[in-house]
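Next come the chains, spelled out residue by residue.
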Amino acid sequence: MSKKKVTAVIRRHEEIAEQIYDLWLETDLAASAHAGQFVAVYPKDGAMLLPRPISICEIDEKEGLLRLVYRVAGKGTASFSRMHAQDKLEILGILGNGFPIEKADGKSVFVMGGGIGIPPMLETVKALKKRAGAQNINAVLGYRSERFLQQDFSQYCLAYMATEDGSYGTKGNVMDVIRAHDLKADLIFACGPMPMLRAIKTYAAENGIEAYISLEERMACGVGACLGCVCKTTQTDAHSKVNNSRICTDGPVYPASFVNI
Amino acid sequence: MNTAVTIAGVRFKNPVMTASGTFGSGMEYSEFVDLNRLGAVVTKGVANVPWPGNDTPRVAETYGGMLNAIGLQNPGIDTFIERDLRFLKDFDTRVIVNVCGKSIEDYLEVVERLSDEPRVDLLEINVSCPNVKEGAIAFGQDPAALAKITKQIKAKAKQPVIMKLSPNVTDIALMAKTAEDAGADAISLINTITGMKIDIYRKKFALANKTGGLSGPCIKPVAVRMVYQAAHAVSIPVIGMGGIANAEDAIEFLMAGATAVAIGAMNFINPYTTVETAEGIERFMRQQKIEDVNSLIGCVS
Chain L
1 MSKKKVTAVI RRHEEIAEQI YDLWLETDLA ASAHAGQFVA VYPKDGAMLL PRPISICEID
61 EKEGLLRLVY RVAGKGTASF SRMHAQDKLE ILGILGNGFP IEKADGKSVF VMGGGIGIPP
121 MLETVKALKK RAGAQNINAV LGYRSERFLQ QDFSQYCLAY MATEDGSYGT KGNVMDVIRA
181 HDLKADLIFA CGPMPMLRAI KTYAAENGIE AYISLEERMA CGVGACLGCV CKTTQTDAHS
241 KVNNSRICTD GPVYPASFVN I
Chain R
1 MNTAVTIAGV RFKNPVMTAS GTFGSGMEYS EFVDLNRLGA VVTKGVANVP WPGNDTPRVA
61 ETYGGMLNAI GLQNPGIDTF IERDLRFLKD FDTRVIVNVC GKSIEDYLEV VERLSDEPRV
121 DLLEINVSCP NVKEGAIAFG QDPAALAKIT KQIKAKAKQP VIMKLSPNVT DIALMAKTAE
181 DAGADAISLI NTITGMKIDI YRKKFALANK TGGLSGPCIK PVAVRMVYQA AHAVSIPVIG
241 MGGIANAEDA IEFLMAGATA VAIGAMNFIN PYTTVETAEG IERFMRQQKI EDVNSLIGCV
301 S
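Residue numbers (the working numbering), protein chains in the order written: chain L, 1 to 261; chain R, 1 to 301.
Be aware that one or more of the hints could be misleading.
[Claimed, not checked] Under 8 Å between C-beta atoms, here's a sample of chain R residues computed to sit facing chain L:
| no. | residue |
| --- | --- |
| 1 | F32 |
| 2 | N36 |
| 3 | P50 |
| 4 | P57 |
| 5 | R58 |
| 6 | V59 |
| 7 | A60 |
| 8 | E61 |
| 9 | G64 |
| 10 | G65 |
| 11 | N68 |
| 12 | Q73 |
| 13 | P75 |
| 14 | T79 |
| 15 | T194 |
| 16 | I269 |
I should point out that these hints are in silico values taken from the structure, not numbers from a laboratory.
Note that beta-carbon positions come from the ideal geometry of N, C-alpha and C, so glycine has one too.
Looking at chain L on its own, in the form it has when it is part of the complex (with noise of 0.2 Å):
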């Protein structure tokens, strides 16, 4: 599983949303990624150094490729969003920790994504459905409006989904699905912004649920050398020995518990 920069291969790109972008990459990295893991990928400019962090969003290891889904949010992946096909782009990879998808043996689980927190939730249902060790998934999937990835989701589990201007589902947000349907789980893997993944590690403390979440912050190598991307620990962190871990190596994914956001 070591790390490597690598030279991927634009197979197919567009724009399934507004500003996201569903990017297929063939790359011998696919081979070593598992959910809940990303890649950084470097900017089409020389003056933007730093390679963005995106989300693995599904892996298929016998073509050799990865998918990412991801929001233009800049110039620098505004740079990437103008390539086509065939076309080549510079990644570091594989990156950060993935969900554990062994916790969901014999277990019924959420599966919840928030926005460009929605991508690295679609390989990790498939991951669920692989194992077939869950006994039950359901996928919960809030938007601002448009929706994007649904159908993927719909080929592997029921997808229940939330749009914040109801113009699709349940009203509101994630939390608003589980209530207004009265669902139930005892593990829950999650990505999304802030606000949703705060609401979701006091759900889980509240009903003493596992609950596993990605977190995201600006970083620089990616690889746990420079310490830009820490987030606040409830327990002193092995590696840093203070209340601190490095998303990029330790994360992104954390058990809810453990993290202070």
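Assemble the complex: chain L is given as a structure, and chain R must be docked to it using the hints.
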């Protein structure tokens, strides 16, 4: 062909080092590069006790570079000796330990703890971190304070002492000379340049610390100028750094007067930069028919 250089009686197989704070203690980057190919690993600053560092965001990208305000988060000297120094034990490279503190006593405690560690070849004293409020930079911007801490550390240290200087001063030659006169065995520069970035859409500072240290290729011309000025002010060796991205950049620093060079922010952009730079210097020497890398040092004056 000779690529070895000597600093304070210590021989380095080549002049390429890592810049403190950008390379951990080598563990993370050992997945990418063979540490045995480096002149030295310069470790992340270590204090007498663990430091939590600053709040996030700690990093922000800027044109051709980046700002950081990590705040010298480190696990403290106990863990450093048990874990980091032990990890470096079997590599055939020099180990330079970067030391930080809030008071002179803090620095001296770390220096004493390291005095019996045979794996530590040299000490680099960080008196130039712009991101912590107490200590560090306070010693690096005032010649009297710099002289005082240098003398006290030299009196205690068993290993040769490198003073790492700040570029955030008016007269770098004066600071270099001050360190030399106080007994420093070598100086290293530049640390990062204090900077600021504002997110105009959120109307907020990009960094939680408001200010941070600027590094990366955008600072290289400033660094070359300061290395040149410092090298011409002292007769002790100078370790040059600041935006080095490849062998050409490294050779520029050597020609400006540096005996060795360090790769910092560019490790984040290309994790192979250190070894590629070492190889590139050899290639340049072959192409230019240069027998000894030492002949490049300060050759432009």
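*asked:* Hint R58 (chain R) vs chain L: min CB-CB distance below 8 Å?
replied: holds (5 Å)
*Against chain L, run the beta carbon of P57 (chain R) and see if the smallest gap drops under 8 Å.*
Nearest chain L Cβ about 4 Å off; hint holds.
*asked:* Less than 8 Å between beta-carbons is the criterion; does P75 (chain R) satisfy it with respect to chain L?
replied: Holds, about 4 Å.
*asked:* Does T79 (chain R) hold up as a contact with chain L if the rule is Cβ-Cβ below 8 Å?
replied: Cβ of T79 (chain R) sits 5 Å from chain L, so the hint holds.
*With a cut-off of 8 Å on the beta carbons, see whether F32 (chain R) makes it to chain L.*
Cβ of F32 (chain R) sits 7 Å from chain L, so the hint holds.
*Is the shortest C-beta separation between G64 (chain R) and chain L less than 8 Å?*
holds (5 Å)
*Under 8 Å, Cβ to Cβ, is where V59 (chain R) needs to be relative to chain L, so tell me if that hint holds or is violated.*
holds (4 Å)
*Using Cβ atoms only, decide whether P50 (chain R) comes closer than 8 Å to chain L, and label the hint accordingly.*
holds (4 Å)
_Hint E61 (chain R) vs chain L: min CB-CB distance below 8 Å?_
Hint holds; E61 (chain R) Cβ to chain L Cβ min 5 Å, cut 8 Å.
*Interface hint for N36 (chain R), Cβ within 8 Å of any Cβ on chain L*: violated (17 Å)
*Status of the hint placing A60 (chain R) at chain L (closest C-beta pair under 8 Å)*: holds (7 Å)
*asked:* Under 8 Å is the threshold here; is the Cβ of Q73 (chain R) close enough to any Cβ of chain L for the hint to stand?
replied: Since the shortest Cβ distance to chain L is 5 Å, the answer is holds.
Taken one by one, the earlier hints fail for this structure at numbers 2, 15, listed in ascending order.
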